[in-house]
Amino acid sequence: MIPELGHFALILALLVAIAQGVLPMIGAQRRDAALMAIARPAAHAQFLLVAFAFGCLAWSFATADFSVELVAQHANSQLPLHYRLAATWGSHEGSLLLWVLMLTGWATAVSLRSRNLPAALLARVLAVMGLVSVGFLLFLLFTSNPFLRLIPAAPEGRDLNPLLQDPGMVIHPPMLYMGYVGFSVAFAFSIAALLGGKLDATWARWSRPWTTAAWSFLSIGIALGSWWAYYELGWGGWWFWDPVENASFMPWLIGTALLHSLAVTEKRGTFKSWTVLLAIIAFSLSLLGTFLVRSGVLTSVHAFATDPTRGVFILVFLAIVIGGSLTLYAVRAGAVGGGAGFAPVSRESLLLANNVLLVVACASVLLGTLYPLFLDALNLGKISVGPPYFDAVFVPLMAPLVFLMGVGPVASWRRAELPDLWTRLRWALAVAVVTSLLLPFALGRWSPLIAFGLFLALWVIAATAALVIQRLRQSPQPGLFAKLAANSAAWYGMILAHLGIAVFIIGVTLVKGYEIEQNLTMTPGQTVRVGDYDFTFRGVTPVNGPNYSGFAGAIEMRRDGKLREVLRPEKRIYNASGMPMTEAAIDTGFFGDRYVSLGEPVSEKGHEGAWVMRVYIKPFVDWIWGGCLLMALGGFIAMTDRRYRLKVKDRIAAMAGAAA
Amino acid sequence: MKARHRRFAWIGAGVAVLGVAVALVLNAFQSNLVFFFTPTQVAQKEAPQGRPFRIGGLVEEGSLKRTPNSVDVTFVVTDTAQRVPVVYSGLLPDLFKEGKGVVAQGSLGSDGKFRATEVLAKHDENYMPPEAAHAIDQAQKGQGVSLSTLKESP
Chain A
1 MIPELGHFAL
11 ILALLVAIAQ
21 GVLPMIGAQR
31 RDAALMAIAR
41 PAAHAQFLLV
51 AFAFGCLAWS
61 FATADFSVEL
71 VAQHANSQLP
81 LHYRLAATWG
91 SHEGSLLLWV
101 LMLTGWATAV
111 SLRSRNLPAA
121 LLARVLAVMG
131 LVSVGFLLFL
141 LFTSNPFLRL
151 IPAAPEGRDL
161 NPLLQDPGMV
171 IHPPMLYMGY
181 VGFSVAFAFS
191 IAALLGGKLD
201 ATWARWSRPW
211 TTAAWSFLSI
221 GIALGSWWAY
231 YELGWGGWWF
241 WDPVENASFM
251 PWLIGTALLH
261 SLAVTEKRGT
271 FKSWTVLLAI
281 IAFSLSLLGT
291 FLVRSGVLTS
301 VHAFATDPTR
311 GVFILVFLAI
321 VIGGSLTLYA
331 VRAGAVGGGA
341 GFAPVSRESL
351 LLANNVLLVV
361 ACASVLLGTL
371 YPLFLDALNL
381 GKISVGPPYF
391 DAVFVPLMAP
401 LVFLMGVGPV
411 ASWRRAELPD
421 LWTRLRWALA
431 VAVVTSLLLP
441 FALGRWSPLI
451 AFGLFLALWV
461 IAATAALVIQ
471 RLRQSPQPGL
481 FAKLAANSAA
491 WYGMILAHLG
501 IAVFIIGVTL
511 VKGYEIEQNL
521 TMTPGQTVRV
531 GDYDFTFRGV
541 TPVNGPNYSG
551 FAGAIEMRRD
561 GKLREVLRPE
571 KRIYNASGMP
581 MTEAAIDTGF
591 FGDRYVSLGE
601 PVSEKGHEGA
611 WVMRVYIKPF
621 VDWIWGGCLL
631 MALGGFIAMT
641 DRRYRLKVKD
651 RIAAMAGAAA
Chain B
1 MKARHRRFAW
11 IGAGVAVLGV
21 AVALVLNAFQ
31 SNLVFFFTPT
41 QVAQKEAPQG
51 RPFRIGGLVE
61 EGSLKRTPNS
71 VDVTFVVTDT
81 AQRVPVVYSG
91 LLPDLFKEGK
101 GVVAQGSLGS
111 DGKFRATEVL
121 AKHDENYMPP
131 EAAHAIDQAQ
141 KGQGVSLSTL
151 KESP
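Which chain is which? The protein sequence lines are A and B, in order.
The first sequence begins at 1 in the numbering used here and counts up one residue at a time.
The second sequence begins at 1 in the numbering used here and counts up one residue at a time.
Rather than coming from a laboratory, the hints here were simulated on the basis of the structure.
Glycine is no exception: its CB is placed at the ideal position from the N, C-alpha and C atoms.
Errors might be hidden in some of the hints.
Simulated restraints, written as ranges between beta carbons of each label pair [stated by the list, open to error]: (1) A:V434 - B:R6: 30 to 38 angstroms; (2) A:P344 - B:S89: 52 to 60 angstroms; (3) A:R642 - B:G12: 38 to 46 angstroms; (4) A:L15 - B:R6: 50 to 58 angstroms.
Which stretches of chain B does chain A cover? Using the computed rule of at least three CB atoms under 8 angstroms from a CB of chain A, they are [said to hold, decoys possible]: (5) 23-29; (6) 34-43; (7) 59-70; (8) 83-92.
In isolation and in its complexed conformation, chain B is listed as follows (with noise of 0.2 angstroms):
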């Protein structure tokens, strides 16, 4: 083989492992994406059905309910303006707090309760995780709209 064929050779075989890379790089991305919805969204029918997302939020005050005897438990996350019910089956990371920020991920049943299947752990109690946050901002700002439209209106 000639020097030139080689180099071709080499760059067909890079361009070929770059080209399965990209390739499953794409479709791993396309089916692995988990989105955020604030109970806003979700209340607003903009979550998937049957999809994976995340939801995040506030746990209501004495929405935290146990199955007896089972790991089962229910609770409520909210945004302050909507209410999303979640089922989960399994341990409570540690910080896991009712009126503490959560996020949670999983999937919206067509009973309208959100079957989660990871409630996520935080590392410090103090800490509000950026999602729940992000859920809480933009209920209130939503709130702070629409009460000003209610004073502006005759």
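Okay, chain A solo, but in the shape it has when bound (with noise of 0.2 angstroms):
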């Protein structure tokens, strides 16, 4: 009864999303309130039922229902209730379903908080946000329904793929989805204002601080990606160049740029049809991405059962929005105008910069992607792009627009000049120069590309720091407090993320630079000594999961004598599924991870024996993810500004104060 309920419900909110994404913008062209008033309630009742949809899978999941076909496939009685319940987004269609979710609650939360957008804008908006709705909902009906039965129901249902069972992976969807869709309220800005012509700073402010919330929590989605593939597949490593993290990478480069290209277009109005475009193409990616991992198109745990009618359906969507949404750029970009001209040297010039080479970088990991596929598909013959290619052809495009960071938060709008830069920032230089040539000695080993790596960080850092001290210097309220609150949360947003750039740049230099790995055979009894650490093999015991079982390894971590550490990896084998898992055993610290992940049995006293292992010292990794942790609060910070949330006669009024 519940499922059927669900699917009704899906059936109900595809209906909505008809009338919301039709009305309002027949409403909107004709200047007819009535229509356009359609969309408000439109957004809310779908989100409802969407949300309805969703508890009924939940339920299904959580009750352990297993005559619905997806339930059977993906759960297990065993399987503890709260990965039941993650399992709810751990398929294809369950995943595409929290897709819509999220849609409709992005579109949701635009029209509870902009009730002072032009009564069109907001038509358009939400009428955008209706027709992406309807094509993901005509998706999920005809190609993948949830709720399917399944008669006469299974007995027990095969189980989640023990890799995801895991609270990294639980979190990780939707932070990533929350990314991914959020780009839909920028992309529907921009399609709104193309369609009404008309596109200044204002536009910009109203769509900035949705943008940044898509960013920030794409941010965090690949974090936690990363994060989880570092701890659970045993491997140590954290960012493969795999296809399906590039189709997430992709549309997170895209948004950078479009968060730097807004500040252009909201502070200068200038960049705007670039901005427009921007906007479509982080949406655009954001749809590839989502159809690239889960069609089966790129095979890995992200993909599903292939299915010919799904790929045709996805490719016809892909499309109707993107080619679509180009034609219209490309017929009404003229109407949108230029803006203010600036000179060579310019904050205006430096963000230009940032957003040529974000793009070429963005550009050169699509091709990475895509090539292999395309020469798959046209029968050339199988090649894989593996991570050489990417390092090479990315570390000289970043190095760049990470030295540029620095300058430009310095640099004034419209026109800077060169010395008075060198001025305001040659001691950040020096010492970011000095520090960084010093530092690896200190470390242990001197090498050109760490040395360069540090600099870039220090140098992001130093120069943020400049920034700071010059601006509470200037600024002309008395003491320290009131000089500190003078500034902007957009302002704050801003330095946090830029610094959060230097945390993972560090974090990456040193665990490239100085990481040790190991693979070893050891003996119960044996000691090791892996960089400064020693480790004690002392046996294997059985262990006992919920719904594995298998072994833990007990081995003790000395430095210089001292016991800091015993670490457990394990070995597991799923009941459900039989498949092995390695477990690793990571000891956590400020400077660095302690890591050691158990192979199998070598010898021929079976697991009371010699195992194969692998250690590995690895230093500063957390920062990696510390980093984007920090960009994405900066980013969160950045949306709290106060300038969006004015209403719309105070903006008016500051807008008359700033011209005065």
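Once you've looked at the hints, go ahead and assemble the two chains, each given alone in its own frame, into the complex.
In structure tokens form, the structure reads like this:
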């Protein structure tokens, strides 16, 4: 009964979505207030219906109703309740339902938070989101219905993929989807602006906080995925340039470009049509990412059974969304108009450089991701493009970007003077150069790459510090607190996010430069020295979990003879699937991790004898994800900026004040 | 600077950045593309010597051997027509099993053994790496052809 209610709610949601997509759009063209007014309640109704359907599916998983095919395929009565709930979005169908839930949620949020938006703009924004929702609901109902029954019911379900039975995986998809889907708001704002022909600084101000929110969620989602791969796959890597990772990274790159381009559009009224184009590309890449990953084109933990009708539907949907919006852009972008000019050295030009570099970087990732797929589809042979390609292309593109990051916030709008920039940044540059040349000696080994990586990070930190100090010194308020309070939340958000990049670079540089990896065979009682640590293997003992059994090793870790930690890596076999899993043991610290994963027994004595294992020392590895969290936090802080919440009349007053 | 000159400067800068990017991409592409070869292609000496490539197929039953008290393993990758011996040093992925599909990256030694630097982990036990499936398909097609020619020849 419950699954049927959910199915029915989805069908109703589709009808509401059609109304939300079509009627307000007509209303906005005809200036018909009654038709436009449909958008808001329709968005709310659609959200409630989809949330109800999602609840029904979650209920089926929670009660382990194996008469629902999806539940029988992705859950098991031994699976703990929290993972059964997480399994709701652990499948193709369920994750698409989550996608639609997020989409309707964002639309509802827009309708609630934008009471001062012009009626026609709001109607168009919600209508565009409604149309996207129509596409997804059609896809769900016709090719990927999550509520299909299995008659007769299965006595027991197959299990959730053991790799996904993990807290990180419970929140990774919702965060990532919040990001992906969040770009639909920026996309809808752009399409609405193209349709309405009105695109100005206020438009940028309205769409900015939404873009920032989406970008922040996406940053968290990507970081969680990377962290999960690090501790769950047992290989100690944090980024593999795998196509599924690239699929989420491309929208992030374009989203980052969009954030910066929106800043220029809001402050200076320039880059307008470019901003619109970026918003369209960011959302298109989100769609492409969702589909690449979920359709089975790319094989990975994310991909599910392939079904040709799905592939065709996806291609058609992508063609309509991307082709349609780009055509609209081609026709209407001219009407959007240009903006104020700027000098070759100015904040605008630096942000333009930022945008060019990010877009080129994204294009190179896209090429490396899609090229093997094209060759394969055209039967021209099978190739793979691995990390060396991406490293070779990406690092040289990002290095100048990071360097300019130190200069950009210091430079003035419209025209900046090089001598002035030099005066303001020379100390920061000196500190960064000297420290980065000396620091590797203190850390153990000097190499040009380590010094260069540290230079970029320290340069960003020093230049940002210089910016903060000069800003505080110049502000007229008396007292430090008043000076601090005089700056906007958006400014502090920017500072924090830039520092996040620096922290991230420190993590990447030091873990690449100083990590130690050893594959070894250890017999119980044996001690091996890796880096500064002595690892003593104390054998394995059997373990039994709720839905798995296996062995846990005990490895004592000593430094200078003192016991620091007993690491207990596990080797599990999951009951339902019979799938083996390596559960690494990680001793996490501020300055790095010690990481041990268990291979298999290699002597004739079986599990009581010698085991193969892998030991890593990973200096500063957690800074990688810490940096991502700082970036996301910066985004969330920037969103709270007062100027995004001003009422229209206050805003007009503020603008008049600024103009005076 | 006049507006027109400025525009030219911008376009010039843009073209320069793009040029550098394209150069980087092409260079990296050329040196880092990893091609895939089936065991049959390796046996026919189509695979490059000394340059990394990938092979795929099934791990032959009973072929997995470990050197005692070390992390060195040897196994045989087969597409049911030809066999390629592989040596690897390190932990094998969880889902590595005899009789199951596998993809390995490495290079061919002069002794005809494939020295793997990476044995690819897959995320699902039922899943056959597409390259491995492709290799077996090709080999079986090849056999089909040769069988039929045998039948037709007098």
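Status of the hints after comparison with the structure:
{"no.": "1", "hint": "A:V434 - B:R6: 30 to 38 angstroms", "result": "holds, 37 angstroms"}
{"no.": "2", "hint": "A:P344 - B:S89: 52 to 60 angstroms", "result": "holds, 55 angstroms"}
{"no.": "3", "hint": "A:R642 - B:G12: 38 to 46 angstroms", "result": "holds, 41 angstroms"}
{"no.": "4", "hint": "A:L15 - B:R6: 50 to 58 angstroms", "result": "holds, 54 angstroms"}
{"no.": "5", "hint": "23-29", "result": "holds (count 5)"}
{"no.": "6", "hint": "34-43", "result": "holds (count 3)"}
{"no.": "7", "hint": "59-70", "result": "holds (count 4)"}
{"no.": "8", "hint": "83-92", "result": "holds (count 4)"}
Taken one by one, the earlier hints all hold for this structure without exception.
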